[in-house]
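When you get a sec, could you build the whole thing from the sequences and use the hints?
2 protein chains.
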Amino acid sequence: MESKIILALDLTDYQKSIYISKIISGEVYAIKIGYPLVLSHGIRIVKELSRYSKIICDFKLADIPNTNRIIAKLAKENGAMGIISHAFPGSDSLKAVIDEFKPGDIYAVVEMSHEGSLEYIQKHSMEMARMAIDLGVDGFIVPGTRPERIKLYREISGRIKLLAPGIGTQGGDPVEALRAGADYLIIGRSIYESDNPLLTVKKLNERINENL
Amino acid sequence: MESKIILALDLTDYQKSIYISKIISGEVYAIKIGYPLVLSHGIRIVKELSRYSKIICDFKLADIPNTNRIIAKLAKENGAMGIISHAFPGSDSLKAVIDEFKPGDIYAVVEMSHEGSLEYIQKHSMEMARMAIDLGVDGFIVPGTRPERIKLYREISGRIKLLAPGIGTQGGDPVEALRAGADYLIIGRSIYESDNPLLTVKKLNERINENL
Chain A
1 MESKIILALD
11 LTDYQKSIYI
21 SKIISGEVYA
31 IKIGYPLVLS
41 HGIRIVKELS
51 RYSKIICDFK
61 LADIPNTNRI
71 IAKLAKENGA
81 MGIISHAFPG
91 SDSLKAVIDE
101 FKPGDIYAVV
111 EMSHEGSLEY
121 IQKHSMEMAR
131 MAIDLGVDGF
141 IVPGTRPERI
151 KLYREISGRI
161 KLLAPGIGTQ
171 GGDPVEALRA
181 GADYLIIGRS
191 IYESDNPLLT
201 VKKLNERINE
211 NL
Chain B
1 MESKIILALD
11 LTDYQKSIYI
21 SKIISGEVYA
31 IKIGYPLVLS
41 HGIRIVKELS
51 RYSKIICDFK
61 LADIPNTNRI
71 IAKLAKENGA
81 MGIISHAFPG
91 SDSLKAVIDE
101 FKPGDIYAVV
111 EMSHEGSLEY
121 IQKHSMEMAR
131 MAIDLGVDGF
141 IVPGTRPERI
151 KLYREISGRI
161 KLLAPGIGTQ
171 GGDPVEALRA
181 GADYLIIGRS
191 IYESDNPLLT
201 VKKLNERINE
211 NL
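Chains as they are written, first to last, in the working numbering: chain A, 1 to 212; chain B, 1 to 212.
Just so you know, the hints here were simulated from the structure itself, not pulled from any lab data.
Since copy identity is lost for identical chains, a pair holds within one copy or between any two.
EDC-like, lysine to aspartate or glutamate: derived pairs with alpha carbons at most 16 Å apart:
no.	residue 1	residue 2
1	K95	E115
2	K76	E100
3	K73	D10
4	K95	E119
5	K73	D13
6	K76	D105
7	K16	E48
8	K76	D99
9	K161	D105
10	K203	E2
11	K95	D138
Written out as structure tokens, the structure reads:
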């Protein structure tokens, strides 16, 4: 059975990133990397890590259409399988990412896990989710800590992939998030900071398979 | 008189970026660089360009507080003088950038120049501007194409620096934007794509000085 886990590789250390990717690649669906790692070592690290696993670039794109397009192009050229874009800067900005990055997977942020998300973003979550579906995104980033919100996004669309961060260290439970409708769990620190990352991810996969 | 111009170096080519920065540095207030350049060559290019000019990192930060903090730290460690952060992910995310990047300059995006900005961002512009002032940002990014909006931000706060992109190729007029209250004009293509970038920026400086 394909793993439901996406490893959030929130590191800046080059050697450790390569090492963790190598040993864990067979046990996860994909690896998600962000600006801290890519800024430290340049976008070419996406190409290197792609040798071990499918890579999702968590760039939370939030610029004007033309700049979003250039960033999406760089991710694509370097072999990224997926890209994460904000929906908040509007439909033209999101459309630029989709046009550039297809046939890769585009995941839209329609809600975030931190408190500040409630101030502005959350007021438009459902509206942004519908806009993003109409434009043809492949999935959403949804809060793994709030299963009731995951259910809501599941109801809006059956075909959309739901990726849930916030599992593990941040408090979300893997089985609960999956039962609420999440397709994949984004897990970082509780894997790569454990004494035995490979064993940790294997046990997580087992626990998930037994409980679904 | 100090130049009112910030050069938007929206290039990905390494040699050309260095060349333009070298010849133009004496004629601009600062140089603004973004993800296309930094992703292509790694964050260390900030350090290199800092030899010629003050550098503003246009990273439009839009992540959870902890990730914003890591990105701001990377910009600071590499010598950036200023950083541009979104306000829409909320006060905790913006505060993380401020806490990490001080005493450098933090500029908040409270409105953008593209159409999509009207869908969600613009509905909260004034609210976000007040929040950002309370937190202690140094300036805002305001639309150079809409002088009436610049006046509005000027009225909210006398001390805040207003940086206006959209001048030149995108249609904004430098003198009009400054008269409306902008402190600096962000100009890119009409300088670095001209036949003689140094002459172009000198003429712009002259025109500004004569008309203010």
